[in-house]
Structures are given as C-alpha cells and as structure tokens.
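Student: Sequence order for the protein chains is A and B.
For the first sequence, the positions run 1 to 235 when the UniProt record's numbering is used.
For the second sequence, the positions run 1 to 306 when the UniProt record's numbering is used.
Certain hints may be false.
Mimicking SDA-like on lysine to any residue, the simulated pairs with C-alpha atoms at most 20 angstroms apart in a straight line are [unchecked claim]:
1) A:92 x B:98
2) B:98 x A:156
3) A:156 x A:115
Beyond 10 angstroms from chain B on every Cβ pair, some chain A residues (computed) [to be verified]:
4) 52
5) 91
6) 97
7) 111
8) 120
9) 165
10) 196
11) 216
12) 224
13) 230
Bear in mind the hints are in silico, worked out from the structure with no lab data behind them.
Think of the CB as a built atom: it goes at the ideal place given N, C-alpha and C, for glycine as much as any other residue.
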Amino acid sequence: MARIEIRGLRSAYDKADVLHDISLTVEEGRITCLLGSNGAGKSTLIRGILGLTQPHSGQILLDGEDITRLPTHKIISRGIAAIPEGRKMFPKLTVTENLRLGAYQVGDERTIRARMDSVFEAFPRLAERRDQLAGTMSGGEQAMVSIGRGLMGAPKILLIDEPSLGLSPLYVKENFRIIEGIRDQGITVFLVEQNVRQTLAIADYGYVLSGGKLVGEGTAEALQNDSAVHAAYFG
Amino acid sequence: MDIGLLAQYLANGIMLGTMYALVAVGFTLFFGVLDVIKFSHGDVLMLGTFAGFTVWLGLEAAGISNPWVQLVLILIASMAFTAAAGAAIAKYLVLPLKKAPPLNTLLITLMLGTAIREAVRLFYPNGSNPKAFPSLLPDASVDLGGFLLRADSVILVVAGLGLITGLNLMLNRTRLGLAIRAVAQDEETARTMGINYMVVVLATFGIGSGVAAFAGIMNGLYYNEINFGMGLLLGLIGFSAAIVGGLGNLYGAILGGFIFAGLQVVGSALLPFASAYKDVFAFAVVIAIMAWKPTGLIPERTSDRV
Chain A
1 MARIEIRGLR SAYDKADVLH DISLTVEEGR ITCLLGSNGA GKSTLIRGIL GLTQPHSGQI
61 LLDGEDITRL PTHKIISRGI AAIPEGRKMF PKLTVTENLR LGAYQVGDER TIRARMDSVF
121 EAFPRLAERR DQLAGTMSGG EQAMVSIGRG LMGAPKILLI DEPSLGLSPL YVKENFRIIE
181 GIRDQGITVF LVEQNVRQTL AIADYGYVLS GGKLVGEGTA EALQNDSAVH AAYFG
Chain B
1 MDIGLLAQYL ANGIMLGTMY ALVAVGFTLF FGVLDVIKFS HGDVLMLGTF AGFTVWLGLE
61 AAGISNPWVQ LVLILIASMA FTAAAGAAIA KYLVLPLKKA PPLNTLLITL MLGTAIREAV
121 RLFYPNGSNP KAFPSLLPDA SVDLGGFLLR ADSVILVVAG LGLITGLNLM LNRTRLGLAI
181 RAVAQDEETA RTMGINYMVV VLATFGIGSG VAAFAGIMNG LYYNEINFGM GLLLGLIGFS
241 AAIVGGLGNL YGAILGGFIF AGLQVVGSAL LPFASAYKDV FAFAVVIAIM AWKPTGLIPE
301 RTSDRV
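Looking at chain B on its own, in the form it has when it is part of the complex:
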C-alpha cells in the first residue's frame, strides 16, 4: 500500500478515535460515580446535535453568517443543552432508581433513548430524513505527497483532544474533580467530608453529556450530515470502547475509542469486500478482546476509577 493512502487511513483513524473517546468517557464517568450504565447517552448526544443544528438554522435566518461565530454559538448551545439534558436525566431518572438493581437503570435509559430517537423522528420538522449539516470549517488542505491533509480534520482532532485533556485536568487538578473521584470511590465517606453529593452527580452527568455533544457536532461537521439514528451507533461504539478499555477508567475509555477506530480503519482498508463490513469486523474483534480480557484492557482493580 502506498504511503499516501496509509496516511489517509491514519488520519481517519485519529479523527474517529477522538470522536469515539469523547463518547466513551461519558459512559466511564457515569459508571464511576453511580455504578450505572446510561444507555440513552448516544441519543442524548443526537438530541444535542439537533439542538446545535436548530441554532444554526436560527442564525442563518437572523443573517449571522460568519462561520466561526456560527460554529462557536452552535457548540456552546449544543453542549449546554446536552449537559442540561444529561443532568436532568440523572436527577429525575437515574438517581431515583439508585436503590433498584442496576439492570433497571439500564432498561429505563434504554427505553428513554428509544423515546428520544422516535420523538426526533416524528416531531422534528421532516425528522425522518437526514439533515445537511453545514461545513463551517475552512475547506483548505495541504498536499503531503499523495495525501491530502484537510484543515477541518486537523482542527476537529486538536479541539477534541484538547477537550479530553481538559477533562483529565479537571478530574485530577480541580476541587470538583477531587470530589468526583472521592464520590466514585466511596459515596458515603465523600458525603461525610462535606461534599454535596447531588451537585457532584449532576455535574458529572452534565460534563459527560456535554463532552459527547462535542462529538456529535464533530460528527456533523465531518460527514456534513446528521440524522435521528446517529446516536444509536455512536452510543454503542462509545459503550464498547469504554468496556474494552475497562469501565470506570478514563484512560481506558480513550484507549478503547482509538482501538475501535483503528479496527474500523483496518477493516475498511484490508477487507477484500466493501467497507460496509468495517463495523462487523470491528465489533467481532471487540467480542474477541472481551473473551480474552473480560474486565477490559485496563481493569478497574489495578487502576484509578475515573
């Protein structure tokens, strides 16, 4: 295979890996503080992306057409909306079920995800059809010997990795991060330290959801298309990435995201048939990894939770 093509695959993999990692960290954060799987994560992400898209329609109608201004406003609106949605779900659906078996939370959020998906399909104007998401990033590119490095991908990857780094710094260097880690390790003792448990849980769900919304917008900008079902696959991939990496561990989620992206890229590059099978290949390998390492690549016992 020639170098240019290889570089193209690599760039794709990094792009997708960043996106998946942004979704996976949410699963790991939620599991860290509450020991629950929130299956509506992907659909909440989709909802946030549609919120961002709606803001874009509004900006266009209002005649605000500077792409950078649009981008910043879309991101702020989408992340804030999704953060609020995530916190609300934690408060009204997840926390009330705290004493119930975790399976119940999983079921309820699974149903919520379906309800959100169907609601967007039915009630968003022409919601059953894909929407053309604007390309707001510069379409310049650099030719690096047979490989076109697109400026928009570079910006997206840098911003995405910056967000993950910021999240990591928040967890390890701030007072809120310390509180989140304390709650993840021992809820009651954390409360005994004077930590407002409810605030920490809602903040965690808000942050995890807001970060996922960034991945949703990234997805829209990259493929120039969004649809009501986009959260299903992104959520499933994010969940698999978090599990493969070792649920409850931030680095595991990031690693898992990049592994999954790598598998997809390898699948579409090397499989002799159409690249449509890349997900089949990636999920099959994930199943094999889980059979080999049932608790994930970075198991919780030997590592810090979130």
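Just chain A, with the same shape it has in the complex:
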C-alpha cells in the first residue's frame, strides 16, 4: 500500500503561500499531479506532507495512518522521499555523498552500493563524475543527482516539486520521461508542477490549486479540456 490522503488541511508558509481547507488523495501506483501557478500554495502542501511546516489544522494520512505531527525523519522512514524544488543539492558534497544521503536511513552498505550502481546505470554521466562536488555541476546534471538521490531510499511514494524549474526544454522532456519510468517501477508519484501540458501528458490524475484552494480535479484527459485549469493560470 502506498497512498496519501489529505483531509481539510489548512497551513501557511511565508505569507503568500497559504492553504485553505485542502482535501486530496494520491492513489497508489499512479502519478497524481498538483497544478498551480507561483504562490498557489503548492510548496506549502509538500512541506506539510514532509513535516517541515506544521499545519494549523487538518490531517495527512499515509495508508490510513495519521502522520500529520510526526517529525520529518519518521515520515521519511515510512517510505516517503522527495525531490525538492530547485533540486537542493548539497553543493559542497560529492555526487556519491549526495546519493548516500538519499539512503541515509538504510544501514546496510551492500544495499546502498547496489542502489547507487543502479542510479549510475540510469545516469552514466553521474558515474563519470561521482567524486565531483555537486555544486560545480550543470543544472541538468544536478537534476540527475536530485532524482537519483530521491530513488536511493527506495521509497514507496516520491514527492516531486517542480522538476522542470530552471531546466532547458530538452532536460524537461527527459525528466518527465524519467518520472514516467519511476511510476512504471511501481512507485507512487505526487508531482507538483506549473508546466500544465507536459505534466498532464504523463499524469494519471490531477488537482488544480489556485489561491490556496482546489479549483478543479479529474483525470489527466479531463483536465486537459477543463476551463478551471486555464482559469487558474490565466484567469
């Protein structure tokens, strides 16, 4: 099982990013996306799930269990991992060290090595640069490290926050292809994005957030033709 259910969440991070009474479900084995423009409250929601921002009220359930007030490391130990907005590499750590941190709660060295090998297999470029400091790499390479790091913990659920931010169109396309691959491995994906067209092309189900409120939801096909989506962005 790997399913997140959010019930009546009210939360705020900074002053602009406020959530009013959000309820949504991230279904197992699918890509569920949350679309919204800047300041719509997307990051606050991710922070809430990760336990980085305490909500004012509401509940976050993982497979039916309340994880709302748990400290972040306990939430991670239940099988959630994140690829944060802006990739958030540890710039002064090497590629290998960054990847190791993704598997921080894994004690067994052999498991860590095996997972690192499969990351290097997926991103041969990282294998070449394993001892390089992550801060000295290009944006696209950092995105690979961030994705690889998110997979190192072998999560049941992966939260991905604006993977297309600041990347060239070529890398964006590549990234979305990788996210589809992650879903196909059986990992539940919660994808938060601004990029409507490309996101809906790979997502199974989606929600639309505007001004801290959900203004639409539906299957990806339905949302593609939904006027609420367009209103949320251009209205």
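With the hints as your guide, set chain B onto chain A.
Tutor: The following block gives chain B in isolation, referenced to the frame of chain A:
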C-alpha cells in the same frame, strides 16, 4: 638565539597550538551546524576540567593511585561530562532560540559562561583559589643538545593531534560526519533526507565540547594548576583562532590555533620586556590579521563548511 632555546620555543608552540586547536574546532562545529557562537564554550571546558579533577580526588580517596588508570578515568569522566553539558546547553538554551537573532544566542551563552564561572568560584570547595592539578604523565625527558624534550609534552601533543585527526576522519568518513556536513550546508534538505536533526545537533555539540575538555585536562597536566577562570582566556583564544582561520572550517580552526600559539611564543621570545605581554602581542596581531582578511584566512565561500 641558540638552537636549544629555539627548539624549546617550537615545542611550546606546538603544545599550545594543539590545545588551542582543540578548543577552536568546537566553535567552528557549533557555527557550522547552527550558525551560532556559543560563548560559554570556554567555561564549559573549565567545568569539565573541574569534573576531571574531582574524579581524581575521588580516586585518591579510594586508593586507586596508578597514574595511567587515573589519567584514563579522568579523561573519560571529564570528556563525557563536558559532552553531556554541551548537548544539554544545545537542547535547552541554543535550539529554543533558533528563530531569534544570533545575537541573542551569543548574549545568553555569554551570561551562561559567567554563571558557570561564578558558580564554580562560589560553590566548589575553596573554588576561588587555584587547584594543584596532578602530574600524571612520566616526568622523563631527553636531552637533545641544550633542549630538554619532555615526555609528557610529547604524549600530550600526540594525543591531541590524534584527537583532531580522529575528529576529521569522523566528519569525512562516517555516516554521522556526513549527516553533520549535510545539516551544516542545508538544514531542511538534510531533514528531508531522513536525518534526525535534533540528534545530529546534540551530537555535534557533545563532540565539540568533549574535545574541548581534552584541551582543559591537557592544560591542567601541563601547568599543574587549574582555576575557575581558566576557561575565559582559553575560550577567547579558541574563538579568535576559529575566526582567524575562517569560521565554519575545521582546517581553519586548526590553523588559527597554531597561528595564535605561534604568536604567543614569538611574543614571549622576542619582546624585550616580560613575557606577560605575549597575549597583548598575539591579540594585537590577530586584530591586524582580521583587518587584512575580514572573513578569516580560509573564508567559508571557497571551502567546505566543517
């Protein structure tokens, strides 16, 4: 100047440099993980040295008089006690003030340092007077042509440098060290990796404080005397060393410690008047270095934090 005297000064400098570096790394570790200056560091060190001294009194009373056994037990007790004190200060004073301006943390720990110092002076039996610290190391020495190399200094320096090397290996080769470096660079992302933030912060403060306690015991063994005010100067020197080297950088702290010791030695060797002015000279040069390199000799931007 003759070679023997020069060697004597050099040996002194290495000894003091090791001691100062052990204090300075604490400042740099604390600043690394929490961006705070913990000004009580020197007085916590003093408290740990007194704890070690108390254990020695107890061992004497219990009739355990083997100096090696005494030394090991004193070191373990002192470092463990100081580590616990450092972690407790982090948990109950420093972390609760995390959202406050760093200046508040600085002020609170400055006051805590004074409180610890005064408490030892007032409440430790005859605390206002210096205590004779035992010399537990062999007093043998080798005559190297006009220069007496003391066995106790050699042992202290080797042990001190070993501790610094161990600390460096811990930071760069272990899982805890990786977590400390991750927290130092980006606290939130480190937490997102599943690192228990609280545990890492408390471990860092415990380790930094325990290492300083070693410097305190070293100081006692070398001068055969401890007093309630010893942490004030040692803390100030350790802090200056960390700043001169570039706060947040382990190698900077070590470099700063040896630079300060070098300045003191040069001051006492070359100044025409009494060596009492060696600290005046050393701090004056430190001020000059800070004017020349305001962010320290190894600035944080171009180097790894802790």
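Student: Hints first: check each against the structure and report whether it holds.
Tutor: Cross-check of the supplied hints:
no., hint, in the structure
1, A:92 x B:98, "24 angstroms, violated"
2, B:98 x A:156, "33 angstroms, violated"
3, A:156 x A:115, "15 angstroms, holds"
4, 52, "6 angstroms, violated"
5, 91, "7 angstroms, violated"
6, 97, "6 angstroms, violated"
7, 111, "14 angstroms, holds"
8, 120, "19 angstroms, holds"
9, 165, "15 angstroms, holds"
10, 196, "26 angstroms, holds"
11, 216, "29 angstroms, holds"
12, 224, "32 angstroms, holds"
13, 230, "33 angstroms, holds"
Hint compliance for this structure: hints 1, 2, 4, 5, 6 are broken, all remaining hints hold.
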